[in-house]
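Engineer: The whole structure should be built from the sequences, with the hints applied where relevant.
Protein chains: 2
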Amino acid sequence: MRVIKTLREMQTVAKKWHTENKTIGLVPTMGALHTAHLSLLRKAKIDNDFVVLSIFVNPTQFEPSEDYHIYPRDLARDLEIIDGVGIDIIFIPEAADMYPSGFKTTVEVKELSTRLCGAVRPNHFQGVTTVVTKLFNIIKPTRAYFGQKDAQQAIIIKRMAVDLHMEVEIVVLPTIREEDGVAYSSRNLYLSPKERQAAQVIPRSLELAKAKIMQGERVASRIKQQIQDVIQSEPLAQLEYISICEPESLSELEIINEGTLIALAVRIGKARLIDNITAEELS
Amino acid sequence: MRVIKTLREMQTVAKKWHTENKTIGLVPTMGALHTAHLSLLRKAKIDNDFVVLSIFVNPTQFEPSEDYHIYPRDLARDLEIIDGVGIDIIFIPEAADMYPSGFKTTVEVKELSTRLCGAVRPNHFQGVTTVVTKLFNIIKPTRAYFGQKDAQQAIIIKRMAVDLHMEVEIVVLPTIREEDGVAYSSRNLYLSPKERQAAQVIPRSLELAKAKIMQGERVASRIKQQIQDVIQSEPLAQLEYISICEPESLSELEIINEGTLIALAVRIGKARLIDNITAEELS
Chain D
0 MRVIKTLREM QTVAKKWHTE NKTIGLVPTM GALHTAHLSL LRKAKIDNDF VVLSIFVNPT
60 QFEPSEDYHI YPRDLARDLE IIDGVGIDII FIPEAADMYP SGFKTTVEVK ELSTRLCGAV
120 RPNHFQGVTT VVTKLFNIIK PTRAYFGQKD AQQAIIIKRM AVDLHMEVEI VVLPTIREED
180 GVAYSSRNLY LSPKERQAAQ VIPRSLELAK AKIMQGERVA SRIKQQIQDV IQSEPLAQLE
240 YISICEPESL SELEIINEGT LIALAVRIGK ARLIDNITAE ELS
Chain R
0 MRVIKTLREM QTVAKKWHTE NKTIGLVPTM GALHTAHLSL LRKAKIDNDF VVLSIFVNPT
60 QFEPSEDYHI YPRDLARDLE IIDGVGIDII FIPEAADMYP SGFKTTVEVK ELSTRLCGAV
120 RPNHFQGVTT VVTKLFNIIK PTRAYFGQKD AQQAIIIKRM AVDLHMEVEI VVLPTIREED
180 GVAYSSRNLY LSPKERQAAQ VIPRSLELAK AKIMQGERVA SRIKQQIQDV IQSEPLAQLE
240 YISICEPESL SELEIINEGT LIALAVRIGK ARLIDNITAE ELS
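Chains as they are written, first to last, in numbering that gives the first Met the number 0: chain D, 0 to 282; chain R, 0 to 282.
FYI, nobody ran anything at the bench for these hints, they're computed from the structure.
Incorrect hints may have been included.
[What the hints assert, rightly or not] Straight line, CA to CA, 20 Å or less: simulated DMTMM-like cross-link-like pairs of lysine to aspartate or glutamate:
1. D:139 <-> R:79
2. R:157 <-> D:96
3. D:109 <-> D:19
4. D:4 <-> R:87
5. D:139 <-> R:168
6. D:14 <-> D:216
7. R:42 <-> R:96
8. D:14 <-> R:96
9. D:15 <-> R:166
10. R:139 <-> D:19
11. R:139 <-> D:251
12. D:103 <-> R:251
13. D:14 <-> R:166
14. R:15 <-> D:19
15. D:103 <-> R:245
16. D:14 <-> R:48
17. D:157 <-> R:96
18. R:14 <-> D:251
19. D:103 <-> R:247
20. R:109 <-> D:110
21. R:14 <-> D:110
22. D:14 <-> R:19
Quantities reported herein were computed from a predicted structural model and do not represent experimental measurements.
Structural biologist: This is the structure we're talking about:
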């Protein structure tokens, strides 16, 4: 495992692999690694000749009021967590190199970036698509791995890759949950023990929605109401949005179909947590 | 010389060249080729193992009121003009392939895209940077060639390539002029013989500016006034803007320095013509 900090070195290594016709799996992260990141890294390891883990807390995807400055950064711990996975390169670029002096260029996926989380985080997805484009251009991965927990992000990046003819396969892997159902997230670190327990209300609300849909409920407004009731039963949880939408356009739906995305954002203490399920195999 | 119309075929050819470690020169055009395009193609031929000429009248870089539908399209004539240059591939993609169904992604160079021509063509440069990104992703050229006549376009594309870490060298070649000084442009085809003669006022105004600067004039407002006086002496010419600006930021300058860009846009009949000079070697 080699740590690379400069773009030039990363480009040189990637170029060498490309001329040898090797496949490269990229797992882009902001560090604060956890079990769900490991699932992406392990799949990347299976699928590709080489695996690059990038760690970059990307300033442009945080809103001015958000947690950029307090976002957990602990490289020693990250290195411990990935020990034994067989990663080839950890790429840890500097912000000054990723955003050269006079930087003015953005990549934006219109419409999709303003819905769901984009309504309260107007610059977030533009920051994500811009930095992911940069990483793709530097590394030119064969495949890039993202988690379904960040469903909107995955949908937007897939759209971007198709639209701009990027030669990379976007692989989206299932949400990994802790034992009590709460999705793994770096931002769970912000929660006090009490808040962490309160967070269980999120998967519980989605489980209830799933059960109701399995029982035959198809009316989105009724499912939304039920999710809302569960979230509001928890005094520490503040519901930001529930979306029941078509999973390519993110357009809100009135009737739930196979593949419909049910996503929500909830604030608990200092943390803003997101989660989602997909209506599947409706009979 | 091989004509390629599908993205898949172009990607396959480019990939083959890349694995053979060959260099590729790309000359992106909208067709209606002329002498200035030939100068780009000939330089690309000298610099690279292979040359790709792309011809694509890109709908997204035209404003709704502009000349997209009447823009000259004459492939037979284009093929005649480039005969003997030694181009390897002419890439003529379809709009439906370049802009797949549900397309939503744009690449934008902020600030630079709203100045000069961008003030009257608010969507133009976003269309250019988006389509150039697509071409770069499909072909992955070693070098791409643009003309200095479109100074703002060249500045924006250079900025984009740096900002997004695109591994391509942007080569900008000098403006090529007809015998009477008028810059070659596909849009000169829109001019009647009388209008074509009137267009001489454009290089004449820039020549005067150059002479005044050589004589020691450094005050931008005075140079602007002199250019304006010359353009307004021609009843068929309508001045759109004169900009005297710093050539990286495109910020307007009050005092002319070495490297200062002096650019203008003029409407004559149905044509909107642009031209520019750079203040060089001021003693």
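Engineer: Evaluate each hint against the coordinates.
Structural biologist: Verification of the supplied hints:
Proposed proximity of residue 139 of chain D and residue 79 of chain R is contradicted: the alpha carbons are some 37 Å apart, above 20 Å. For the given pair, residue 157 of chain R sits about 17 Å from residue 96 of chain D by alpha-carbon distance, which is consistent with the 20 Å threshold. Our distance criterion of 20 Å between C-alpha atoms is broken by residue 109 of chain D and residue 19 of chain D, whose separation comes to about 37 Å. The straight-line distance between the Cα atoms of residue 4 of chain D and residue 87 of chain R is roughly 39 Å, outside the 20 Å bound, and the hint therefore fails.
Restraint check for residue 139 of chain D and residue 168 of chain R: the C-alpha separation of about 17 Å stays at or below 20 Å, so the hint holds. Restraint check for residue 14 of chain D and residue 216 of chain D: the C-alpha separation of about 52 Å exceeds 20 Å, so the hint is violated. Under the criterion of a C-alpha separation no larger than 20 Å, the hint pairing residue 42 of chain R with residue 96 of chain R is inconsistent with the structure, at around 29 Å. Under the criterion of a C-alpha separation no larger than 20 Å, the hint pairing residue 14 of chain D with residue 96 of chain R is inconsistent with the structure, at around 28 Å.
Between the alpha carbons of residue 15 of chain D and residue 166 of chain R the distance comes to roughly 14 Å, so the proposed pair stays at or under 20 Å and holds. The hinted pair formed by residue 139 of chain R and residue 19 of chain D meets the criterion: a straight-line CA distance of about 17 Å does not exceed 20 Å. With a C-alpha separation of about 38 Å, the suggested pair residue 139 of chain R and residue 251 of chain D falls outside the 20 Å cut-off, and the hint is violated. Proposed proximity of residue 103 of chain D and residue 251 of chain R is supported: the alpha carbons are some 18 Å apart, at most 20 Å.
With a CA separation close to 11 Å, the supplied pair residue 14 of chain D and residue 166 of chain R stays within the 20 Å bound. The suggested pairing of residue 15 of chain R with residue 19 of chain D holds, with an alpha-carbon distance near 13 Å, which does not exceed 20 Å. Restraint check for residue 103 of chain D and residue 245 of chain R: satisfied, since their Cα atoms lie roughly 16 Å apart, inside the 20 Å limit. For the hint pairing residue 14 of chain D with residue 48 of chain R, the CA-to-CA distance comes to about 19 Å; that is within 20 Å, so the pair holds.
At most 20 Å may separate the alpha-carbon atoms for a hinted pair to count; residue 157 of chain D and residue 96 of chain R meet this at roughly 17 Å. For the given pair, residue 14 of chain R sits about 41 Å from residue 251 of chain D by alpha-carbon distance, which is inconsistent with the 20 Å threshold. About 11 Å separates the Cα atoms of residue 103 of chain D and residue 247 of chain R, which keeps this hinted pair within 20 Å; it holds. Of the supplied pair hints, the one linking residue 109 of chain R and residue 110 of chain D holds, its CA atoms being roughly 19 Å apart against a limit of 20 Å.
Distance restraint check for residue 14 of chain R and residue 110 of chain D: the Cα-Cα separation of roughly 33 Å exceeds the 20 Å cut-off, and the hinted pair is therefore not satisfied. Between residue 14 of chain D and residue 19 of chain R, the direct Cα distance comes to roughly 13 Å. Compliance with the 20 Å bound is thereby established for this hinted pair.
Consistency with the previously given hints fails for numbers 1, 3, 4, 6, 7, 8, 11, 18, 21, ordered from lowest to highest.
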